[in-house]
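Novice: Residues 26 to 234 in my numbering are what the sequence shown spells out, letter by letter.
Be a bit skeptical, because a hint or two may be false.
Heads up, simulated DSBU-like pairs for lysine-lysine below, C-alpha to C-alpha not over 30 Å straight-line [said to hold, decoys possible]:
#	residue 1	residue 2
1	K103	K192
2	K70	K104
3	K70	K103
4	K192	K104
Since the hints were derived computationally from the structure, they do not count as laboratory data. Please read all numbers here as calculations on a predicted model, not as lab measurements.
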Amino acid sequence: MAVVATLASQESSTPNSLSSADPDPRAVAALWTLWERMAAMFPGKWARANGAAPVAQSGALTTAGEVWLQVITGLSPKKLAAGLSACMRDALDWPPNPPRFRALCFDVPALAQVQQEIRPGRAQCGFTVLVRSLLDLHVYASEDGYNQARMLQDAYERAVRHVVDGKPVPEAALALPPVATGVIAVRDRQSAREAMARAAAELGFGSAA
C-alpha cells in the first residue's frame, strides 16, 4: 500500500537495520514496553499477530520484533505514549498494523475520519484542514466518487509525510453555522413599504402601459 511506503520512508536519520544483531538496549526496552501495553490492550490478538515476545529464546529479535523496532525508532517517549493512548481513544478492536501505529504516534487520524470531516459544513481537525489545503477543491468538487476518493487518498498520504517530517499542522476549523431559513420579520413596515414603492417606481412596475 502507498501508506505503508509513505510511513516506511519516514525513519530516523540513523535507523537500526532489520538485520542488526545488536540493537540499542534502550530501544529494546521500549520495544518490550510496547509489547506489554499492546498485549494488555488486545489480549490474545496481539500475541497471535506478533508473538508473545519481541525476542526469541536465543536472545535475537523475532521478525515481528525487528519490524516493530523499526516502527518505534526515532520516536520520543511522548510520541510512543501518544500512539498507545490513541489505540484506547479510538476504541480499536484489533491492534493497529505497524504503519498505522506510527501514524497514531503523530496524532494522524484515520482516512475514514478525514472522509467524514472533509464534507461541507463539518468541523475539521487540523490534519483534515491540512489535507483540504492539498486538494484542488474546484477539480475535487467536479469529479465523480471514484476520482474524489483517489484524490483524497493522495492528499492524505502527502499530509502524512508532512506531519511525520515534523512540519506544522494548521489550526482546527469549526463547523459553519447552518444557514437561517424561514420568513424574516420586518421590524419597520413603513420603511419597507417606502423602499418597495421606490423600487417599483424605478423598475416601472405598476405604471401605465
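Novice: Hint by hint, say whether it matches the structure.
Specialist: Hint check results:
1. K103 to K192: Measuring from Cα to Cα gives roughly 17 Å; hence the hint holds.
2. K70 to K104: Holds, because 23 Å separates the two Cα atoms, which is no more than 30 Å.
3. K70 to K103: Distance ~25 Å between K70 and K103 Cα, so the pair holds.
4. K192 to K104: 15 Å, holds
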